[in-house]
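K.L.:
Here's the letter readout for the chains.
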Amino acid sequence: MNISYYLPSSIEDNQTFEALGWPSKKIFAKTGIRQRHVSAPDETALDLAVKACEKLFADHAVERTSIDYILYCTQSPDFIIPGNAGILQHRLGLPNAIGAVDINQGCTGYVYALSLAKGLLATDQAHSILIVTADTYTKYIHPLDRANRSIFGDGASATLLKEKDTGNIGQFIFGTDGSGAQNICVKTSGLKYPKNPQTSIEHQDDSGNLRSEDNLYMNGSEVFSFTLEHVPQAVAAILVKHKLNMDDIDHFVFHQANGFMLTHLRDKIGIPEEKFSICMEDTGNTVSSTIPIVLSELIRTKTVKENDRVMLVSFGVGYSWAATILTYKTAEDKK
Amino acid sequence: MTKQDLITEIEDILQADEGSLNETTALAGLEDWDSLAFISIIALFDKKLSKKVQLDELKQCQSVGDIIALSGI
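For the protein sequence lines, the chains are C and R, in the order given.
At position 113 of the first sequence the residue is numbered 113 (my numbering), and the sequence of numbers has no breaks.
At position 56 of the second sequence the residue is numbered 56 (my numbering), and the sequence of numbers has no breaks.
Same shape as in the complex, but just chain C (with noise of 0.2 Å):
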C-alpha cells in the first residue's frame, strides 16, 4: 500500500486571522492547528487529485498501464456531469480499460473507499486501485467565517491497493444518522435549493461569523456532542469484530477534525498518547484525505513498523463513521 499526498502552496497562518479579531493563541488552543493550506481560485479539487497521483506515480515507480479502476472521493467536484474519475482518468494518462467512479463521502470517505477497493479485488473485479481523496472545502467558506476559515485546509491524497493488499486491510464496520445531515452542509450545493439572491444574503451567527446560505456551515457544538456519542462505540465494536483488545492496537488514527476534539476523544476513550496520531497543526481539517495524510506520515517518519495494527476511524459530514484496522506491511516499490 503506497500512499503520497499533495497541499496546495498557498498557506495562511493564524496571523492571518488577527485581522478578523481572533488571537491566533486562541486559534492553536482550540483547534491544534496553525496553518492550513488553500487552493487558489483557479485551481480545482481535481487539480489537486491529479498532483497528488502524479506524486504517487514518481515517489513510488508506479506504472500507468497497472491500475484498472479509480475510486475518486470529493465533495468539491469540478462537476456534477460529468463525474470526475472519469476526468481525471484522462488527464492521468490512464487506460481506457478501467473502471473510475465517483463517491460522495466528506470526512468518512477514505476508510469508505478502502472497503470498497478490498471488495472490488477481493470478488476479482479489478487488480490495482488508484483510490483518490481531494476537497477545497475552503472555496465554500465565506471569508469572514473565521470558525470554518480556521478549521478547513485543502489538500488531496492517492493512495494504490493491490490484490496482495487486501489481507492487510481487517473489517469494517459503518453507521450513518441522517438526521445529522444539516448539522454540516452547503444548502444551495445541489439541485433541492438553487442558488438565487436570497441565498447569498449573509447573515451573522451568535460567535460573529458571517456566512450565507450557499456557503458551508457546521454547528461545531452538535458535532462535537455527535463525535462523543459514535466514536467510542465505532473504537469498541470494530475491536469486538476483530476479536482483540486495546492494548493490541499499535496505532490509532482518527480523522483530524479538530485537536481539542481528538484530545477529548483520545482521553475519553483511554488511548495511550503515544499511539494516538494528532497529525494537522500545518495542514487542518483536509476532509477525506486527513487519514491518508497521517498514515502518509506515519510511513515516512517509520513511526508504523513491519505488522503493526493501525486502526483508522473516520467520522463526520453525513452524519457518517467507518473503522477499519490495518496490519502494516511494508510496500515493495519498484525503484
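Among the clues, some could well be false.
To be verified - Simulated DEER-style distance windows between Cβ atoms:
#1 C/Asp206 to R/Ser20: 21 to 31 Å
#2 C/Pro272 to R/Ser71: 23 to 33 Å
#3 C/Asp42 to R/Ser20: 48 to 58 Å
#4 C/Arg91 to R/Asp56: 45 to 55 Å
#5 C/Thr166 to R/Glu18: 52 to 62 Å
#6 R/Asp56 to C/Met246: 32 to 42 Å
#7 R/Leu49 to C/Arg91: 36 to 46 Å
#8 C/Ser179 to R/Glu18: 39 to 49 Å
#9 R/Glu18 to C/Asp177: 38 to 48 Å
#10 C/Ser179 to R/Ser71: 21 to 31 Å
#11 R/Asp5 to C/Pro194: 46 to 56 Å
#12 C/Thr199 to R/Glu18: 44 to 54 Å
These are calculated hints, taken from the structure and not from any lab test.
Backbone N, C-alpha and C fix where the C-beta goes; we use that ideal spot for every residue, glycine too.
Starting from the known structure of chain C, fit chain R onto it as the hints suggest.
P.N.:
What follows is chain R alone, placed relative to chain C:
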C-alpha cells in the same frame, strides 16, 4: 466536583479572572460565551461529570448558575 470547582472550570473556559464569576453572573455580558465555549462546556460535562448536555440547554442558560443547574451539583 463542587459548585466552586465547576465555577473555576467555567472561568477557565471563558478566560475570566479567577474569582470573577459567581452563580448570578450573566453570561450575555461575557465576551467568550460563544460556540467555542459551548463545545468546551459539553467537553467539561462529558469528562468531569460523565454527563451529556444538549446544545439547546446551554443556549438557554442566562447565568453561570443556570450552567451549574444543568450539572445537577
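K.L.:
Each hint should be assessed against the structure and marked as holding or not.
P.N.:
Do the hints match the structure? See the list:
no. : hint                            : in the structure
1   : C/Asp206 to R/Ser20: 21 to 31 Å : holds (22 Å)
2   : C/Pro272 to R/Ser71: 23 to 33 Å : holds (29 Å)
3   : C/Asp42 to R/Ser20: 48 to 58 Å  : holds (50 Å)
4   : C/Arg91 to R/Asp56: 45 to 55 Å  : holds (47 Å)
5   : C/Thr166 to R/Glu18: 52 to 62 Å : holds (57 Å)
6   : R/Asp56 to C/Met246: 32 to 42 Å : holds (34 Å)
7   : R/Leu49 to C/Arg91: 36 to 46 Å  : violated (53 Å)
8   : C/Ser179 to R/Glu18: 39 to 49 Å : holds (41 Å)
9   : R/Glu18 to C/Asp177: 38 to 48 Å : holds (40 Å)
10  : C/Ser179 to R/Ser71: 21 to 31 Å : holds (27 Å)
11  : R/Asp5 to C/Pro194: 46 to 56 Å  : holds (52 Å)
12  : C/Thr199 to R/Glu18: 44 to 54 Å : holds (46 Å)
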